[in-house]
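Q: Just so you know, the protein sequences line up as chains A and B, in that order.
Just so we're aligned, residue 1 is where the first sequence starts under my numbering, counting upward by one.
Just so we're aligned, residue 313 is where the second sequence starts under my numbering, counting upward by one.
No lab work stands behind these hints: they were computed from the structure.
Some hints here could point you the wrong way.
Unchecked claim - Derived contacts from chain B toward chain A, CB cut-off under 8 Å, selection only:
id, residue
1, Arg316
2, Leu322
3, Gly323
4, Arg324
5, Arg327
6, Val328
7, Ala333
8, Ser335
9, Leu337
10, Ala338
11, Ser397
12, Pro406
13, Pro493
14, Glu495
15, Ala496
16, Ala541
Every residue, glycine too, gets a C-beta built ideally from N, C-alpha and C.
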Amino acid sequence: MEELVIARDVQQGFGATEALRGVSFDLHAGECLGLLGHAGAGKSCLTGLLAGRTPLQGGQLKILGRDARTHGRELRRRVGWVPPGDTLDDELTALENLWVFGRYHGLPGPEARRRAGELVAFAGLKERAAERPGSLGAEGRRRLQLARALIQRPELLVLDEPAAGLEPAAQRFVWGRLQALRAQGLPMLLATPSPEEACLLCGRLLLLERGRVLDEGSPPELVARHAGGEVVELRPLDGRPREDLDSFLAESIPAGARLERREGAVLCFSPAGEMFPGALLERAHLRGFAVTTRRASLADALRALRGREART
Amino acid sequence: MSWRGAGSLLGRHLRVYRRRAGSALAMDLALPAACLLGLGLASAGGVAPARHAAGLLVAAAALVAALEGSLGAHRRLRAGPVGESALASPLGLPELLAAELLFAALRAGLCAGLLAAIAGGLGWLGGGELARSLAFGVLGGLAMASLALWTTALARGPEDLRAFLAGVVLPCLALSGAWFPLEALPPWGRALLWLNPLFHASAGAGAHGPAEEPAWLLLHLAVLVAFAALPLWATARALRRALAA
């Protein structure tokens with residue numbers, strides 16, 4: 001399988017802060033790779049490097065067959081980038097933003113104009129093409145940023161929290177567009193703090209924490225590895241702490257299950273591929289616990305991994 | 313450095329300028345045109361109209377370029393996301409700076425051209441004088457724009473730019489030779505004039521001094537080119553730091 005990005009022991013810092021501490025991964029053709037992590041994990045630093053925007057400090061990074069250290073300008077031409085902040089030109093209209101960005105990329109005038117027309121429609125902004133970004137609202141601006149990143153028909157799309165801060169309906173629009181691009185075979189690298197977004201769009205994930213890759217794999221693999229199969233949440237019915245909780249857990253929860261206390265509740269994670277027996281749920285109910293069951297999620301896996309990381 | 317890339321940025325600036333061209337031109341021209349007409353008609357206390365017109369033309373072009381290189385560039389590169397946006401494309405700092413300089417020079421040239429048309433129409437400047445005034449007006453504008461861009465890259469906010477306009481640009485304009493005979497200055501004052509790019513621009517344009525001698529013309533030209541080129545390296549460094557922050 002063709003590797004579009006090869007990162008080996010990538011290190012990056014700002015002053016005394018180590019933003020990336022030896023990150024290694026590959027990105028294959030046609031793949032959507034997710035960088036999942038909270039603020040400060042190093043996601044934006046990594047996307048800036050991959051977009052050819054910031055110079056590499058340590059390690060090796062090859063993007064589209066080129067050394068990122070020496071081919072920044074070429075990479076900015078070949079990689080589309082949706083940055084985390086708003087970098088739209090407020091003195092131009094939505095359509096002009098796309099057209100002018102196409103000119104920055106060296107597209108001839110008519111081609112840039114045609115492409116801008118296509119993309120303003122792709123972003124669902126055809127009716128508002130003559131408006132300036134300031135009047136488009138957060139959703140319109142994010143859509144426009146996505147469209148702008150596609151103006152030069154990039155070979156790789158790097159997205160830094162493309163749907164952050166949007167209403168659910170607006171998020172779904174952006175995700176729908178990204179799924180359409182993925183279906184066309186455009187390789188993507190998506191940095192996000194949202195497990196939901198990562199699960200929806202990415203076939204493979206890197207879990208980032210404080211500049212290091214904690215683990216990598218597909219969302220189901222990561223869930224199975226770090227969260228298990230099923231989650232039972234026990235919560236005292238009256239909401240008060242229960243003295244008999246520990247003894248109940250000791251006598252009822254099967255070996256191999258993992259326990260986590262969170263906001264007055266106890267979460268029991270079954271080992272991967274296993275379910276808790278129905279009798280346990282019945283007994284918990286009889287002892288006066290509110291019981292909910294669900295499948296373990298990527299958010300559970302991420303939380304478990306972070307907890308483990310914090311303890312080491 | 314890609315001139316085509318710089319051209320695309322310049323196209324962007326012109327597109328935005330076109331929307332405000334009416335008010336911008338009126339502002340650029342109001343003061344110098346009034347001076348040109350008023351002082352010219354009154355024959356300005358013994359200063360020949362031709363010399364006076366050439367000096368005013370240079371001063372006006374330099375003022376426009378300095379404003380564009382400071383407040384205009386700050387709005388685009390520091391306060392607004394034009395710099396950020398352009399740097400997300402294949403363009404780099406050299407193209408950003410080149411586009412800013414070219415835009416300032418274009419605006420200076422436009423302003424100087426309009427004033428030259430007025431001065432030419434009134435018969436104060438002949439063909440050769442007009443061409444020389446225009447060329448030195450644009451060069452003076454480039455030198456002031458270059459200094460202004462450096463200040464913009466270092467500025468912590470618009471207050472610093474206003475200080476630059478009041479503390480550097482206005483004294484340079486006042487001592488350019490467009491407003492009073494510079495021979496009135498004491499010897500040390502005349503020596504300091506060599507640090508003023510507009511002194512060289514207006515001398516080159518024929519506003520004062522022995523401008524007919526080619527050696528002097530070349531000297532003024534060389535000093536102006538140095539004023540325009542030398543701050544660029546420092547500007548690029550400071551701007552890189554400012555945009556990274």
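Q: Now look at each hint and say whether the structure bears it out.
A: The hints, checked one at a time:
Interface restraint check for Arg316/B: the shortest CB-CB distance to chain A comes to about 7 Å, inside 8 Å, so the restraint holds. With its C-beta approaching chain A no nearer than about 10 Å, Leu322/B sits outside the 8 Å limit, and its interface hint is violated. Interface hint at Gly323/B: satisfied, since its Cβ lies 6 Å from the closest Cβ of chain A, which is below the 8 Å cut-off. Given hint, Arg324/B at the interface with chain A, holds; its Cβ is 5 Å from that chain's nearest Cβ, closer than 8 Å.
At a threshold of 8 Å, the smallest CB-CB gap from Arg327/B to chain A is about 7 Å, leaving the interface hint in force. Interface hint status for Val328/B: upheld, as the beta-carbon distance to the closest one in chain A is roughly 5 Å, under 8 Å. At its closest, the beta carbon of Ala333/B sits 14 Å from a beta carbon of chain A; the interface hint therefore is violated under the 8 Å criterion. Taken as an interface hint, Ser335/B does not check out: its beta carbon lies about 15 Å from the nearest beta carbon of chain A, beyond 8 Å.
At about 18 Å, the closest approach between the beta carbon of Leu337/B and any beta carbon in chain A exceeds 8 Å, and the interface hint on this residue is violated. The beta carbon of Ala338/B comes no nearer than 20 Å to any beta carbon in chain A, farther than 8 Å, and the hint placing it at the interface is violated. Because the beta carbon of Ser397/B sits about 5 Å from the nearest beta carbon in chain A, less than 8 Å, this interface hint is met. The interface hint given for Pro406/B is violated, since its Cβ lies 11 Å from the closest Cβ of chain A, which is over the 8 Å cut-off.
Taking 8 Å as the C-beta contact cut-off toward chain A, the hint placing Pro493/B at the interface is violated, the least distance being around 43 Å. Nearest Cβ of chain A to the Cβ of Glu495/B: about 46 Å, over the 8 Å cut. The hint is violated. Checking Ala496/B against chain A: minimum C-beta separation of about 45 Å lies over 8 Å; hint violated. At about 23 Å, the closest approach between the beta carbon of Ala541/B and any beta carbon in chain A exceeds 8 Å, and the interface hint on this residue is violated.
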